[in-house]
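Residue numbers (this note's numbering), protein chains in the order written: chain A, 1 to 357; chain B, 1 to 286; chain C, 1 to 376; chain D, 1 to 287.
Hint data in this document are derived by calculation from the structure and do not stem from the laboratory. One or more of the hints may lead you astray.
As the list claims (entries may be wrong) - Here are the computed lysine-lysine pairs in the DSS-like style, where the Cα-Cα straight-line distance is at most 30 Å:
(1) D/Lys52 <-> A/Lys348
(2) A/Lys257 <-> A/Lys126
(3) B/Lys211 <-> A/Lys69
(4) D/Lys94 <-> A/Lys200
Stated by the list, open to error - Which residues of chain A face chain B? A few of them, derived with a C-beta cut under 7 Å, are:
(5) Ile10
(6) Arg30
(7) Asn60
(8) Ala70
(9) Thr71
(10) Asp220
(11) Gln310
(12) Val312
(13) Ala313
Just so you know, these numbers come straight off a predicted model, no measurement behind them. Backbone N, C-alpha and C fix where the C-beta goes; we use that ideal spot for every residue, glycine too.
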Amino acid sequence: MRRSFKKLFIAMLAVALVAVVSPVEAETLRLLTWGGYAPKEVIEQFEKETGIEVKMTKSNNEDMISKLKATGGSGFDLAQPSQDRITSAQADFDIYKPIDLSKIDASQIIPSMLAATKKNTSLDGKVYGVPHVWGTSGLVVNRKMAGQIKDYVDLCGPGLTGKVTYRLKRPTLIGFAFSMGEDPFAAYSDKAKYEMILDKVEKKLIDCKPNVKAYWSGGDAMLNLMRSGEAVAAMAWDAGGWKLNKDMADITFVAPKSGALGWIDTFALPRKTKAEEAAYKWINFVMRPEIAGKITSSAGNFTAAKGGDQYVADKLKAQFQESFPPADVDNIKWYPPVPPGLEEIEGKVLDRVKAAQ
Amino acid sequence: MIPTISSSLYFRGTYAVYVGLFFIFLITPLTVVGIFAFNDSMFPSMPWNGGTLAWFLNETEPQLGLFHDEDLLESIGVSFVVACFTTIASLVLATCNAFLFEREQFPGKNLLYILMLTPLVIPGVILGVSILAFSSTIANWAEMQFDYDLEFLRPGITLVVLGQFAFITTIATLVISARLRKFDSSLEEAAMNLGATRIAAVMTVTLPDLKPALIGAGIVCFLMSFENFNTTLMLVGSDAPLTIAMFDRLKEGSTPVLNAVSLLLMVASGVLALISVFFQSEKPGS
Amino acid sequence: MPENSNVTFDLECRQVTKSFGDFTAVDQVSFQIPTGSFFSILGPSGCGKTTLLRMLAGFQHPDKGEILIKGKSVLGTPPNRRPVNMVFQHLALFPTMSVTGNIAYGLKRRNVKREEIRTRVADVLKRVDLPDAGDKRIDQLSGGQKQRIAIARCLVLKPDVLLLDEPLGALDLKLREQMKVELKLLQETFGTTFIYITHDQSEALVMSDQVAVMNQGRFEQVGTPQELYYHPETSFVAGFVGDSNRWEGHIDAIEGERIQIKTVEGESFVGRSIVKHQLKKGDSVEVYVRPESVNIENPKNRSDLPNQCRGEVISVLFDGARSQFLIRLPQTEGEISVAMPQTGEHAQLRKGDSINIAWAADQCLCFRRSSGNHDG
Amino acid sequence: MDKSSYTRFSLWILLLPFVLWLLLLILLPHVDMVSISLRERVSARNYTFSFKNYTEFFIEPLYWRTFVRTAWMSVLATLITLLIAFPVSYYIAKMMRGRLKALLFILCLIPFWVSELVRTYGWMILLRETGLLSTFLQWIGLSDQPVEMLYNDVAIMIGLVYTSMLFMVVPLVTTLDSLDDSLIEAGYDLGGSNWNVLTEIIIPHAMPGIVSGCIVVFMLSLGNYLTPILLGGKDSLWFTEQIFTQFITRFNWEQGSAFGILLLILSSLIVWAGLKLSRQSFTNVMS
């Protein structure tokens, strides 16, 4: 028996040692990204073409910043934060590395989006982001059961007790502010004004709480709630609405009256990226129109790749046009960069909403 | 209220029913998890759509089975490696600690003993957070001073192991100390008297005697590491252990593949439990 | 103890002292043990005998003094290098090993060759009369067998001195009696020097060539069992070795070796003084009389012993060969134990009978009262 | 070699790894956390010493409320666990014999062999609107529409009690097992009633087990994250969640550290008070 114990112990030691000693096989690219932005198919094609292995970690804006803050900008080789969240995080925590634009094939990218992103992600004259996927936040509504919902505030309407879901994150605050007739973006530079707006929103959200089934945090959670009928309306991303629409015609994405919130997710290099070349290769690879099309099909959102939409299924285009009549496209509110300090105020509002009963 | 004291049939009956209900309470959630691993539905919920093994074996989305779900399999691998390291490190230190506190006399021993026990009353979250904060402080300082990144101090497997090691050691120490306390130290003296050096005496006499405790503690360490969530969550890097991977999916409302993983875990734990029972009941000297 | 340079000593202690804080466990103990003898250290628990033994084994280090084995100091030698082996109080057989494993343990530590280990283990097992026990587990052995294995485990190493720490304590009475004899025989066949510590006087008296009586860290007396029994040199030895009746009193008169004592209760006894005590008239003394040295007088045929009493039987304590009468002395209400003669004489005495008892002055030992009292 | 230097040497060898572990993994991280919690961000990458993170806690009622609620729910969970576990432990320790006893005891350990996540997951499947209990209630006709039993305090409580049950049962069975039957028999023999025997013989004897079980269960509940989050849903409101939120979604380590320290102080205070009330010593109870 003693021998078997020794064997067990030695076996464990061996496993542990092998795990340590075994070198990282091929070159790897560690992606910190959103669900759907790196579909299996695309990864496989990239691996075949370059021999670089891709390892993907699903994440969201806050999580990306917090992970990179904790690692001091290491642990990942390429991240995909939204363009408005880059500069403040960079200023505070120094977690990104400037992009070498000469290594980006700019000809593949829609120039207006590239220019806008460049502008919004510049700090001290250095550019930290390149656009990738863009989309909007708005309403996902089960038209049969909650057809009356046209704007964010309608989520708090009567007869919806325990039937709606949204995130407890800053887009919700911004969206509600717009639908309550305020312009939070204009108040970005005026802290006092901004706080006043948020106070109003906070009250609204607390009053709204009985209507909430759950605060979703990941896209799939929202999809499941809507699909199972446990929720009939949600504040969510357009892509989620369209995905649901494919299976259940009653559910679709609706651009709210006060305007959908437009976001652009970017490519940003963590400061201590270990595979910078691979990261550039990946960026140039996924911005190819046919690859961009595949990503759009998987994520449900359009990309900043020139001509990417030719490869997108007609169904999605039709859904987009249905949700966004031309006037609504013009009405999209694009996020300006968040000045530092605002998120702290927002955080407290969110906490208070969460805690209210 | 013991069998030798008679009590009414009614009392005994009620008592037995109560205990029975308790065990139903204990077993139900686990049984349910296991059963729904075989439900042919996209959600781990009613209605029952008939049995299937798809959640183990199916090769394609959307009903991707466990054995083809690379992410889950990889996270099991990560958990396994982490658990191995944690177990080894905790056992080694815990054995040292047991000898330190049971055998040695030194000033401040009581204080150190209490400090040794403190991880039991530090919430796992805080332990994780504090280790994260401290390791980044050091790593940032090293980067400033020497322009060198101490990568192992950044969130990742090493830090996860360290974090788990911090509190699992205490538990292992308690298990091993309890056994060492019962150990007749004259056996060790006898060994030295028969010509063994102190180290040889410990290796040939004391450690074999501690073996059941070491195996028991090892299994406990392994399981605690494998199951840990709170501390790990704060320290995890790009390689997610199983609990973190499962939590990420659970938040999103995952498919019954999670039931499949859970069932697998239950079976594996059951086997470990049997091993430990087997070793504990083993007669000394065989 | 007489010095004798012709005899070789296996073990010699010189002025060995060991204190734990304020408490002196072993106080300037000196003794010598000739080769091949069976030496016992007898004393009540807490007298320091275990500490002394552990210093011999090397588990404790004396504060002062010198320990020599075969004439060489072993103070700097760690326990595992000392040419002594020890049989522990609870034997300390390794439960994780077989009998063979236990016996071979010390040989393995000396890197003895496998073949030789096998023959030596077989040989020693034969000598302790357990030739087939080699493959047994420790928990399969009886108490007596364990005892023999524990001794075999030490003797196979051919130590200069074997230390035994009350190894019979855990055994039941019958087995203990049997093991006493067996131990003595083992010692004789192996010819190894045994140092045996015990609080049981019978073990010490039966087995030993020499016995040291130890009390409060000191050796009170070293001698053969007979010397200790018949000629105790201190009141402690008198009280500890064998049974005794004890009184306190003072000296009324001294006539050579004969002394006249008046006890606290008022009895007058005639006793004998131990030479080295040099008692004077008026000194406080303790008086010891063994129950077995008290005669029960035939009323028709009185002896002329100097100490004569009349008393009433208040209890008959029947215990076979060790039966006693408890007798009250009516003048003083004092009590005295008297051994029941094994001849059957007086067997008819019952509670309430009155009898005459008497004893010789030589059987009535007087010692100066020591300050540290004990209940002998 | 001198014996005393020999043991000194072994002492240092044993002491060194322990002290390293204690310093590097327990003490210094907490010291560092204190120092982080005393920082306030002035501007980007520029911090100053301040108590703001602590005053924040006292000014903002929401943090207070979460704090008190967490402590209160944990105490409640501990008491409920004790009340449920005591009769069961007693049954196993004193009413059962031999194999059946061992079997029941091992059965109690089963939940431990499965991760907390799986346990909570099981309750989610049972309690959710589309779950087993809801379907069952509809099937037997007690309800005509799906019932949501998840996302409320009762669900949290069930989860907490379930998760910590084992840590109460094991110490209780161990101490009750060590109570000699003859003491109970003597209690009855001398005229005691069931109640007398329970309160004057059994409970005093089981006190160390009760206290150690309570401490562990309390700490586990207080530090729990998964159960309140997954079973509590939108109203979970748990203090550990605040800490996670500060660290992860707000990347405000300063505030998070302050909360962590406060939680640590709270838990130490409650454990200390529990020990004082029950007149037990920490070292005795925990080992």
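Those earlier numbered hints the structure runs against, lowest number first: Numbers 2, 3, 4, 5, 7, 11, 12 and 13, in rising order.
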